[in-house]
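K.L.:
Quick note, the sequences are listed as chains L and U, same order.
Under this note's numbering, read the first sequence as residues 841 to 1319, first letter to last.
Under this note's numbering, read the second sequence as residues 841 to 1319, first letter to last.
Please note that a few of the clues may not be correct.
To be verified - Dumping the calculated DSS-like pairs for lysine-lysine here, alpha-carbon to alpha-carbon at most 30 Å:
| no. | chain 1 | residue 1 | chain 2 | residue 2 |
| --- | --- | --- | --- | --- |
| 1 | L | Lys978 | U | Lys1083 |
| 2 | L | Lys1041 | L | Lys1279 |
| 3 | L | Lys897 | U | Lys904 |
| 4 | L | Lys904 | U | Lys1165 |
| 5 | L | Lys879 | U | Lys1083 |
| 6 | L | Lys897 | U | Lys1083 |
| 7 | L | Lys1150 | U | Lys1165 |
| 8 | U | Lys978 | L | Lys879 |
| 9 | U | Lys1150 | L | Lys904 |
| 10 | L | Lys1310 | L | Lys1067 |
Treat the hints as calculated values from the structure; they're not laboratory data.
So the chains spell out like this:
2 protein chains.
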Amino acid sequence: MAKDNKKLVQAITSQEENFAQWYTDICVKAELVEYSSVKGFIILRPYGQAIWELIQKDMDARFKATGHENVAMPVLIPESLLQKEGELVNGFAPEVAWVTMGGSDKLEERLAVRPTSETMFCDHWSRVLHSYRELPMKYNQWCSVVRWEKTTRPFLRSREFWWQEGHTIHETAAEAEAETQQQLNCYADVCEQDLAIPVVKGRKTDKEKFAGAEATYTIEAMMKDGKALQSGTSHYFGDKFSKAYDVTFTGRDNQLHHPFQTSWGVSTRLVGAIIMTHGDDDGLILPPAVAPIQVVVVPIAAHKPGVSEKAAELAEKISKYARVKLDDSDNAPGWKFSQWEMKGVPLRLEIGPKDLEKNQCVLVRRDTREKVFVSLDELETAIPAQLEALRKDLYERALANREKRTWAATTMDEVRELAKAGTGYIKTMWCGDLACEMKMKEEVGLSSRCMPFEQEHLSDVCPCCGKPAKTMVYWGVAY
Amino acid sequence: MAKDNKKLVQAITSQEENFAQWYTDICVKAELVEYSSVKGFIILRPYGQAIWELIQKDMDARFKATGHENVAMPVLIPESLLQKEGELVNGFAPEVAWVTMGGSDKLEERLAVRPTSETMFCDHWSRVLHSYRELPMKYNQWCSVVRWEKTTRPFLRSREFWWQEGHTIHETAAEAEAETQQQLNCYADVCEQDLAIPVVKGRKTDKEKFAGAEATYTIEAMMKDGKALQSGTSHYFGDKFSKAYDVTFTGRDNQLHHPFQTSWGVSTRLVGAIIMTHGDDDGLILPPAVAPIQVVVVPIAAHKPGVSEKAAELAEKISKYARVKLDDSDNAPGWKFSQWEMKGVPLRLEIGPKDLEKNQCVLVRRDTREKVFVSLDELETAIPAQLEALRKDLYERALANREKRTWAATTMDEVRELAKAGTGYIKTMWCGDLACEMKMKEEVGLSSRCMPFEQEHLSDVCPCCGKPAKTMVYWGVAY
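Just chain L, with the same shape it has in the complex (with noise of 0.2 Å):
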């Protein structure tokens, strides 16, 4: 019965059958979005805005620790002030969603919803930065924008999604390479301890770097299909933008001079990577940090004398050190295992008539479906630590995913036998031009996804022309 159940609450696509549909799948049936009658535009439920809430809480409480600020900006940008800088506007323009009415009056001049917002940040600092005294400004906002994206996909491309962006001014080049590098760093220690999944840090090609950057930094996580997920981006501007936008200080030289910027930023897209690095065809798996729910008590013939008693007491209990939720419900068990597996909790723990006599109950991993009988009077190290095997559990297994994935290859006929075999990295010397990088893309249907801070010498030429190799490339399919 509890199988039958369990069928009725599922009903998704495997994996195997159609990763894709699989996808969304769980982002619908996990209750984390629903598709708004906006097209293109999703609506965050309760549960998916859950855990964007622990991803925000967590890197908030980083960035504040290192002297960040949090501000807001204005929604609306006018076209004249996005377009001071070239590159960027070029960059956005065909994916700008305008504002040209207000209320029943045409307006004088179009207004961007923002689709990014270094242009208002440069705005505010030309008119509020005098002094050197005054630097480094580190700013952050939490927000949405708007990209008007021809094909979207939940929390991987929406026309609509929730971020932060960074934006900070620094008096040298060097504070400010280092901050791109700082928080390039936050964003690894993030998914790598509290998401579980492993990244490779690296730098963008010219050809995959933000509009108007000198330079940009990533973090590439690698899906459960082989894919890649840029996953979070940290951009070096030099003095480029303060001089589009007139940002001036006074220095210690008592000279005018342009401060140099960064900017940097993760956004909901995080959940789509936490979704197709751990989740199974029961469901999604959500590492312990970011599960609203990081253990749900499920009693066991409830009716019988004790044990709803006894559940609350328990989920009571739990409450003090871990998020715990008591399923309660007239739901079948079965019903309510699937269920709260389909969200992902975690650790599931039952107890039934048994178990009271014991003094035991039963602990349940989402991810091996391992059972454990644990002491009720050990419940307090046994659930912590447990979370704990879980998170580790889940990034050794994505590493091991990437590492059984990722190939390395020193001519064109490798890289086409790898690419036509599997999906995944495959790393190749590179000369540095973008003929070859878009002939990878032409001709073997890859795009650089970085060249890794951690190099490799795997021949002295590039593959694809047979020049001196500048650097070693990572290439794959990407979201």
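Mind docking chain U on chain L? Use the hints.
P.N.:
What follows is chain U alone, placed relative to chain L:
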């Protein structure tokens, strides 16, 4: 010398001279906001944003404690969706910003930048709600909204403001009504307990209620100048919107029903309320609960042996129980005093060489300037006690101002005289007719603030028309 420095920092208009200018001076000089280059749009600077975040944190915890869940709805709303409920669209159409272009394409249908989200929530519920078992759905979102206001003032009325909008649906009208009251009480508690702002709770007249609502409840605060500020509202919609948007559920009787709906919101306007309730000619005065810095530590003669070290040590200790800032900059103490007074820091701790000898320090309250010498061994009790005393006094002073400026009238002559003599609340009986409400506005310049829950019987008739009175109304001049 301290005096000169003081003037240098401040240079703000006095309340006496020009209250409106005093207000905007504080907004800018305390670095709460900056005027953006988008007309009518402000920037929340770090200090202003930090105050808003403390209000948010407080509110959000209260919402969650009563079973509300956060969600995120699209920022853009199709015109056709906005138009389904006639009163709402009529109320908001004149002040909507319209997106008409996506990239380089003209949109088939205009999209409104959300002015409020009742329509989106209803649209969502029309798809996801099925059974009474899923009710109530108690949602909230933190976001910004855009309303194309003609005249704007920071926090009080701007084209974009940040707020929370709660939206709930319930099985019965009684439950929805109870929710409306609960949330109004929640707002009143935050205002009175945390912001030290006394409020009058009541119901809006039909003229003043929210477009489309069956009933609007409000908390009204009185500013130092006697003007009223609507500080939070809670609306009961009955099943009007759920009928318009076809939101239905299968009830306990197995029949289709429309749920009963509420919405409620507070905004960054509360920051304006804090400024105008507590501030003085030296700047802002922040209630401790929402002060980003509760205690500023200022070393006196910091170059003398041991002073800097002791100041740092104290700040470190205080950080365990209060939000503290050590001002170890090389500005003169007088300059620091003025700066932190402008920013409304509730408590200043001074420590100099003589204090060191006596194992004491000086605590100075922002509101009274009262100085007390406190033994360093007693700081941990003295600081929280001083903060609480300040909070209580802020509240009492605001209450005294309101009581001083609240007058009863039974004839139109009395109303006219009182309105001429000063700004405040004028209480009168009212027949309930729109004509009398309009007359009060046109002839005396007063709008109805609310029909307070705490009613008094001042006379039997409406002073305006002489017909039998139905209720007592607070009239005033509103921001």
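K.L.:
Can you give the numbers of the hints that this structure goes against, from lowest to highest?
P.N.:
Failing hints, ascending: 1, 6 and 7.
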